[in-house]
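Colleague: So the chains spell out like this:
Number of protein chains: 2
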Amino acid sequence: MSKPRILSTSVLAQTRLFQIQGIDLAFSNGRTATFESVRMQGDGVVMVAAINAQDELVLIREYAACQDRYEVGFVKGKIDPGETPEISADRELKEEIGFGARCIQKVRKISYSPAYTNLETHLYVATDLYPEQAEGDEIEPLEQMNWPVADIDSLLDHPEVSDVRVIMLLLELQKTALKDTAKYR
Amino acid sequence: MSKPRILSTSVLAQTRLFQIQGIDLAFSNGRTATFESVRMQGDGVVMVAAINAQDELVLIREYAACQDRYEVGFVKGKIDPGETPEISADRELKEEIGFGARCIQKVRKISYSPAYTNLETHLYVATDLYPEQAEGDEIEPLEQMNWPVADIDSLLDHPEVSDVRVIMLLLELQKTALKDTAKYR
Numbered sequence: 001m002s003k004p005r006i007l008s009t010s011v012l013a014q015t016r017l018f019q020i021q022g023i024d025l026a027f028s029n030g031r032t033a034t035f036e037s038v039r040m041q042g043d044g045v046v047m048v049a050a051i052n053a054q055d056e057l058v059l060i061r062e063y064a065a066c067q068d069r070y071e072v073g074f075v076k077g078k079i080d081p082g083e084t085p086e087i088s089a090d091r092e093l094k095e096e097i098g099f100g101a102r103c104i105q106k107v108r109k110i111s112y113s114p115a116y117t118n119l120e121t122h123l124y125v126a127t128d129l130y131p132e133q134a135e136g137d138e139i140e141p142l143e144q145m146n147w148p149v150a151d152i153d154s155l156l157d158h159p160e161v162s163d164v165r166v167i168m169l170l171l172e173l174q175k176t177a178l179k180d181t182a183k184y185r
Numbered sequence: 001m002s003k004p005r006i007l008s009t010s011v012l013a014q015t016r017l018f019q020i021q022g023i024d025l026a027f028s029n030g031r032t033a034t035f036e037s038v039r040m041q042g043d044g045v046v047m048v049a050a051i052n053a054q055d056e057l058v059l060i061r062e063y064a065a066c067q068d069r070y071e072v073g074f075v076k077g078k079i080d081p082g083e084t085p086e087i088s089a090d091r092e093l094k095e096e097i098g099f100g101a102r103c104i105q106k107v108r109k110i111s112y113s114p115a116y117t118n119l120e121t122h123l124y125v126a127t128d129l130y131p132e133q134a135e136g137d138e139i140e141p142l143e144q145m146n147w148p149v150a151d152i153d154s155l156l157d158h159p160e161v162s163d164v165r166v167i168m169l170l171l172e173l174q175k176t177a178l179k180d181t182a183k184y185r
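The listed protein sequences correspond, in order, to chains V and D.
Per this note's numbering, the first sequence starts with residue 1, numbered consecutively.
Per this note's numbering, the second sequence starts with residue 1, numbered consecutively.
Only chain V is shown next, with the shape it has when bound in the complex:
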């Protein structure tokens, strides 16, 4: 079974943030199909689990417009043109929670539904924090919440925690804590 051949692509819709693309494919068995994919402009997104000196996660609570409710999660944001993901992670920490980090460790880069989207997020854990505020583009001040790393189980049950990237990072932190407490501290 060899990889399908892309016959053509077209832009079905284009807005400020998103593009919907049509992809005409010929499969190796001779069948053809048109797929749709959602593409976000730019170089992707970073999400950063910040852990302070008291071994607490520094969380933010932010309005989630598409679902018209608040969501609790980690610092995150778009990578600006010319930035590496690490520099973006450090900038977002300073803008959203008022801390820089002397240690920013990559966890992994993830996709979401790679058949249908190019959405990618670089996931990090930040430790050895120091106070430094930078001005961001937040419309209203972000509510900050500190949560003990030792109590991740109750955070996983929090009704305002739904983003699979946050849940994956929380499970990864628990796994690391079980296996090797040194890795992210």
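In case anyone wonders, no lab produced these hints; they're calculated from the structure.
Glycine residues also receive a C-beta, built at the ideal position from the N, C-alpha and C atoms.
Please note that the accuracy of each hint is not assured.
[Claimed, not checked] With a straight-line Cα cutoff of 30 angstroms, these simulated DSBU-like cross-link-like pairs (lysine-lysine) come out:
{"id": "1", "chain 1": "V", "residue 1": "K109", "chain 2": "D", "residue 2": "K106"}
{"id": "2", "chain 1": "D", "residue 1": "K175", "chain 2": "V", "residue 2": "K175"}
{"id": "3", "chain 1": "V", "residue 1": "K109", "chain 2": "D", "residue 2": "K78"}
{"id": "4", "chain 1": "D", "residue 1": "K3", "chain 2": "V", "residue 2": "K3"}
{"id": "5", "chain 1": "D", "residue 1": "K94", "chain 2": "V", "residue 2": "K94"}
{"id": "6", "chain 1": "V", "residue 1": "K106", "chain 2": "D", "residue 2": "K175"}
{"id": "7", "chain 1": "D", "residue 1": "K109", "chain 2": "V", "residue 2": "K109"}
{"id": "8", "chain 1": "D", "residue 1": "K175", "chain 2": "V", "residue 2": "K109"}
{"id": "9", "chain 1": "V", "residue 1": "K78", "chain 2": "D", "residue 2": "K3"}
{"id": "10", "chain 1": "V", "residue 1": "K106", "chain 2": "D", "residue 2": "K109"}
{"id": "11", "chain 1": "V", "residue 1": "K3", "chain 2": "D", "residue 2": "K94"}
{"id": "12", "chain 1": "V", "residue 1": "K175", "chain 2": "D", "residue 2": "K3"}
{"id": "13", "chain 1": "D", "residue 1": "K109", "chain 2": "V", "residue 2": "K175"}
{"id": "14", "chain 1": "D", "residue 1": "K78", "chain 2": "V", "residue 2": "K78"}
[Said to hold, decoys possible] What the simulated footprint calls covered on chain V by chain D, stretch by stretch (three residues with Cβ under 8 angstroms from a Cβ of chain D suffice, anywhere in the stretch; the number is not a length):
{"id": "15", "stretch": "17-23"}
{"id": "16", "stretch": "29-36"}
{"id": "17", "stretch": "56-65"}
{"id": "18", "stretch": "104-111"}
{"id": "19", "stretch": "115-125"}
{"id": "20", "stretch": "165-173"}
Here the structure of chain V is known, so what remains is to put chain D in place on it, guided by the hints.
Modeller: Chain D alone, transformed into the frame defined by chain V:
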């Protein structure tokens, strides 16, 4: 800080699968902003980690059009009109790997970037499998791979495993195996 008020919504683009919506918001501090959100039609998606009698994950390897490469992951698909997520999970198992399941346990419902999307997936673990094939809508036959649950760590390092939902389920299975091997068996 009270929740922003939705002033109006508009359809910026509409294709067969997706809609991009504009949301005009007034925040409690008086500032206004227009957000964009991507909406998928329908009742969401299911993803099912199937575990066979040999304690192996039953995986599929499928072409991921938007990234023009193959991706290894779990059985998944859209919930059809009138289906519950559980019925959809059982149907997708029969269509994609040729097994029904006597036990389908909910792990959780996740979102992805709820500020910008309504994308939601119901995550399940299926056990006590029995052979039953149903006809699906696959364009080419799906390649099937069995992978020992005990060897999830190497699957997490697989270059064709990138979907954060799959990674979250794998970490959840490892956590359950560490805490209580009975829960998903």
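Colleague: Hint by hint, note whether the structure agrees.
Modeller: Now the hints, each set against the structure:
At roughly 26 angstroms between alpha-carbon atoms, K109(V) and K106(D) fall within 30 angstroms of each other, so this suggested pair holds. Of the supplied pair hints, the one linking K175(D) and K175(V) holds, its CA atoms being roughly 7 angstroms apart against a limit of 30 angstroms. Taking the CA atoms of K109(V) and K78(D), the gap is about 25 angstroms. The hint holds against a cut of 30 angstroms. Simply put, K3(D) and K3(V) have alpha-carbon atoms about 48 angstroms apart, too far for the 30 angstroms limit, and the pair is violated.
Our distance criterion of 30 angstroms between C-alpha atoms is broken by K94(D) and K94(V), whose separation comes to about 49 angstroms. Straight-line distance between C-alpha atoms of K106(V) and K175(D) comes to about 21 angstroms, which keeps the hinted pair within the 30 angstroms bound. Distance restraint check for K109(D) and K109(V): the Cα-Cα separation of roughly 22 angstroms lies within the 30 angstroms cut-off, and the hinted pair is therefore satisfied. Using a Cα cut-off of 30 angstroms, the hinted pair K175(D) and K109(V) holds, with the two alpha carbons roughly 21 angstroms apart.
About 23 angstroms separates the Cα atoms of K78(V) and K3(D), which keeps this hinted pair within 30 angstroms; it holds. For the hint linking K106(V) to K109(D), the alpha-carbon distance of about 26 angstroms falls within 30 angstroms, and the restraint holds. A distance of roughly 24 angstroms separates the Cα atoms of K3(V) and K94(D); the hinted pair therefore holds under the 30 angstroms criterion. For the proposed pair K175(V) and K3(D), the alpha carbon gap of about 35 angstroms is over 30 angstroms, so the pair is violated.
A C-alpha spacing of about 21 angstroms is found between K109(D) and K175(V), which places the hinted pair at or below 30 angstroms, so the restraint holds. Of the supplied pair hints, the one linking K78(D) and K78(V) holds, its CA atoms being roughly 29 angstroms apart against a limit of 30 angstroms. A count of 6 residues in the stretch 17-23 of chain V with a Cβ less than 8 angstroms from any Cβ of chain D is obtained; the coverage claim is therefore met, three being the minimum. Proximity of the stretch 29-36 of chain V to chain D, defined as three or more residues with a beta carbon under 8 angstroms from a beta carbon of that chain, is established by the 5 residues found.
Here's how the stretch 56-65 of chain V fares: 4 of its residues keep a CB closer than 8 angstroms to some CB of chain D, so the rule of at least three is met and the hint holds. Beta-carbon proximity to chain D at under 8 angstroms applies to 4 residues in the stretch 104-111 of chain V; the threshold of 3 is reached and the given coverage holds. Coverage of a stretch by a chain is defined here by at least three residues with a beta carbon nearer than 8 angstroms to that chain's beta carbons; for the stretch 115-125 of chain V and chain D the count is 6, and the condition holds. For the stretch 165-173 of chain V, the proposed coverage by chain D is satisfied: 5 residues have a C-beta within less than 8 angstroms of a C-beta in that chain, meeting the threshold of three.
Going down the numbered hints, you'll see the structure goes against 4, 5, 12, while the others check out.
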